[in-house]
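Trainee: Residues per chain, in single letters:
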Amino acid sequence: MNKKEPAASKHVDEEFSLVEQATKGDLRSFERLIELHRAKIYAMILAMTKNKTDAWDLSQDVFIKAWQALPSFERRASFSTWLFRIAHNTVYDWARRKKPQEELNEEVFSSSQLVESAPTTPSHPPTPDQALYQKERAERIAQAIAKLSKKHREIILLREVQGFDYSEIASILDITRGTVMSRLHYARQILQSELSDLMP
Amino acid sequence: MNTPNRLDKETELGALLSTHLAKEIEPPHAEFFTKSILDTLPLKAPKPARASRYVFFQSLWKKYAYAMSFASLALSFYGGMQLGHHQEALRITQQNSPQVYTPEERISARVFELNSREEAATIIVLDGLEALAQSDIGMESKEGHKPIDLSS
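Chains A and B, in that order, are what the protein sequence lines are.
Once you know that position 3 of the first sequence is 3 in this note's numbering, the rest is easy, because the numbers rise by one and skip nothing.
Once you know that position 69 of the second sequence is 1069 in this note's numbering, the rest is easy, because the numbers rise by one and skip nothing.
Hints are not guaranteed to be accurate.
To give an idea of the chain A side of the interface with chain B (calculated C-beta under 7 Å), a few residues [what the hints assert, rightly or not]: (1) E31; (2) Q60; (3) F63; (4) Q68; (5) E160; (6) A170.
Just so you know, the hints here were simulated from the structure itself, not pulled from any lab data.
In this text, a Cβ means the ideal position worked out from N, Cα and C, and glycines have one as well.
Please model the complete structure; the sequences and the hints are all you need to start from.
Mentor: Here it is, written out as structure tokens:
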């Protein structure tokens, strides 16, 4: 069952209210929406592009496009899902522009400029040994994810890192739930074989 | 089938990824990031919603769903018939048979049947062949050498 928590529901209502105000041209409300979502959008785009400058610029583009498209936003999806869909399109458009002649734009997303993803903040500072251990694990995971194709990488990030459910991912990527499930299954299989020694 | 073992592995993988990959990373100079977007927005007018058009088509569909379904069915049938007639004039089909054996594994062959009212032909396309040298195709005849006459 996919029951929404009351707090989450309240958050969604607040978000819709901000969207409504922003649609009327209220920049303060849109500023609040940016503050609520910029870290997630930036993290996702950084994981896809592996380049901080590109991720910064593309994240800005996402919010500008969102502002322009606000009048067409309908409550059929959450604002977050809608924003991630814009982010998906923005990153793919960017990849196409960057390598217009090649159909396989995997190179644009290749691991040549691997950026370490920021690990989640620990509650207490780790010892040097722990820090090194965590860093090595994070690097191994980043390398394993970099081996995935862009579509498999994107889907695993949306599911396992951003926590979207299958329907939301289908909406973001504009694919069917069945495709979501099969892509996830394939991506997980690869990651499980790459990271088998890290899993208990 | 979602076996418990598979679900366990999926859960473990999910935990591993979510522990080491950040869900949120603030962009560098986050306040400047937001401010520069807000500075740009007055220049970027929101695009008008297409909702009214969507609602219009939705209401139109509700009203004339049966008629439109029938019309599209009839149109598809007519289109299919036309396409069938057109394909009768010139039909190119990829054939699975006859089988063509190629000298090397890396060379593959595709057989096409080309049929029209006036003529018919079988085309064999070989993929993977190396380009022929000029000497192999009798270009030297221009320099005085006669091509070999295979009929004699």
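Trainee: Could you run down the list of hints and mark each one as holding or not?
Mentor: Results for each hint:
Here the hint on A:E31 is kept, as its CB sits about 6 Å from the closest CB of chain B, short of 7 Å. Because the beta carbon of A:Q60 sits about 6 Å from the nearest beta carbon in chain B, less than 7 Å, this interface hint is met. With its C-beta approaching chain B no nearer than about 5 Å, A:F63 sits inside the 7 Å limit, and its interface hint holds. Because the closest C-beta pair between A:Q68 and chain B is about 5 Å apart, less than 7 Å, the hint holds.
Proximity of A:E160 to chain B holds as hinted, the smallest CB-CB distance being about 4 Å (cut-off 7 Å). Given the 7 Å rule on beta carbons, the hint for A:A170 is violated: about 18 Å separates it from the nearest Cβ of chain B.
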